[in-house]
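A.B. asks: Residue strings, one per chain:
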Amino acid sequence: MDVENLASELISYQQDVIFTQNNQINLRKSFLNRFIAVKTGKIIDEGNSIDEIKDKLEKKGIDPGKTVIEFIPEEEALMIL
Amino acid sequence: MVKIPLFKGNRLGFERSLVTLSIKYGNLPSFFAEALVDTGCPFTVISESKMKKTRIPYSDKPTSYSNVQVGNIIMELKDLGVCEISFRDENNKIVKINQQIFVGVPITKGYLSQELPSFLGQDILKNHHISIMNNKSGSDFLFIED
Numbered sequence: 001m002d003v004e005n006l007a008s009e010l011i012s013y014q015q016d017v018i019f020t021q022n023n024q025i026n027l028r029k030s031f032l033n034r035f036i037a038v039k040t041g042k043i044i045d046e047g048n049s050i051d052e053i054k055d056k057l058e059k060k061g062i063d064p065g066k067t068v069i070e071f072i073p074e075e076e077a078l079m080i081l
Numbered sequence: 001m002v003k004i005p006l007f008k009g010n011r012l013g014f015e016r017s018l019v020t021l022s023i024k025y026g027n028l029p030s031f032f033a034e035a036l037v038d039t040g041c042p043f044t045v046i047s048e049s050k051m052k053k054t055r056i057p058y059s060d061k062p063t064s065y066s067n068v069q070v071g072n073i074i075m076e077l078k079d080l081g082v083c084e085i086s087f088r089d090e091n092n093k094i095v096k097i098n099q100q101i102f103v104g105v106p107i108t109k110g111y112l113s114q115e116l117p118s119f120l121g122q123d124i125l126k127n128h129h130i131s132i133m134n135n136k137s138g139s140d141f142l143f144i145e146d
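Protein chains in written order, with our numbering: chain V, 1 to 81; chain W, 1 to 146.
Hints may contain errors.
Said to hold, decoys possible - Calculated lysine-lysine pairs in the DSSO-like style (CA-CA distance at most 30 Å, straight line):
| no. | chain 1 | residue 1 | chain 2 | residue 2 |
| --- | --- | --- | --- | --- |
| 1 | W | 8 | W | 136 |
| 2 | W | 24 | V | 42 |
| 3 | W | 52 | V | 29 |
| 4 | V | 42 | W | 52 |
| 5 | W | 126 | W | 96 |
| 6 | W | 52 | V | 59 |
| 7 | W | 61 | V | 56 |
| 8 | W | 52 | V | 60 |
| 9 | V | 29 | V | 39 |
| 10 | W | 3 | V | 39 |
| 11 | W | 24 | V | 60 |
| 12 | V | 39 | W | 96 |
By construction, these hints were calculated from the structure, which means they are not laboratory data. These figures come from a predicted structure and were not determined experimentally.
Whenever a hint applies, use it, and build me the whole structure from the sequences.
C.D. replies: Here's what the structure looks like:
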């Protein structure tokens, strides 16, 4: 992978992380206690486990390692590290 | 001096400083993760949920530390060895560094590994002379000395 591509892929990944956290309330309505895969600001798959989503993405030719895959919990634990 | 942009994200219930990185282990394809910058964490730790997206055989790796607690979650740290980490700087150039990485595997029964974040710890900050810049504009950075 060339350096320019890597930089733009990292920007896109970061935007998908932000999309997922900014849309938690809406995502809970449809995907509570499920895993979702997000790419370029869209939910591209869902499942009951990371392994399930990983298989689905690989079949579509999408690299799961470079995709945001998140669990949508009911609520997040509060922790001071 | 290289500036790597940080972004804000909610992790474990509070807003934290995060950075996006690409990690390459051996000859396997690189994968992406977001990590919380934590000066109180001695190690750089990638969460098990990020590792599960890859084909890296992390569960076979030796356990360097067991019974490590994050809050009330007990996990073990598996040593992935030295990996190549790539960051994007403010000019969209790629900065590569080599760093030992641990995988945080929760052993607390019933706890979901996907709820644990990844950490950029003291080791990488010290080894590569990286400091955190919180500026007035709110655009925070990691600074890497040349």
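A.B. asks: All the hints need checking, so say for each whether the structure fits it.
C.D. replies: Cross-check of the supplied hints:
Our distance criterion of 30 Å between C-alpha atoms is met by residue 8(W) and residue 136(W), whose separation comes to about 15 Å. Note on residue 24(W) and residue 42(V): the hinted pairing holds, with a Cα-Cα distance of about 26 Å set against a maximum of 30 Å. Taken as a hint, the residue 52(W) and residue 29(V) pair is honoured in the structure, with Cα atoms around 26 Å apart against an allowance of 30 Å. Between residue 42(V) and residue 52(W) the CA atoms are separated by roughly 21 Å; this keeps the pair inside 30 Å, and the hint holds.
Distance restraint check for residue 126(W) and residue 96(W): the Cα-Cα separation of roughly 16 Å lies within the 30 Å cut-off, and the hinted pair is therefore satisfied. Simply put, residue 52(W) and residue 59(V) have alpha-carbon atoms about 17 Å apart, close enough for the 30 Å limit, and the pair holds. For the proposed pair residue 61(W) and residue 56(V), the alpha carbon gap of about 27 Å is at most 30 Å, so the pair holds. The hinted pair formed by residue 52(W) and residue 60(V) meets the criterion: a straight-line CA distance of about 18 Å does not exceed 30 Å.
Taken as a hint, the residue 29(V) and residue 39(V) pair is honoured in the structure, with Cα atoms around 19 Å apart against an allowance of 30 Å. Of the supplied pair hints, the one linking residue 3(W) and residue 39(V) holds, its CA atoms being roughly 26 Å apart against a limit of 30 Å. Between the alpha carbons of residue 24(W) and residue 60(V) the distance comes to roughly 23 Å, so the proposed pair stays at or under 30 Å and holds. Note on residue 39(V) and residue 96(W): the hinted pairing holds, with a Cα-Cα distance of about 24 Å set against a maximum of 30 Å.
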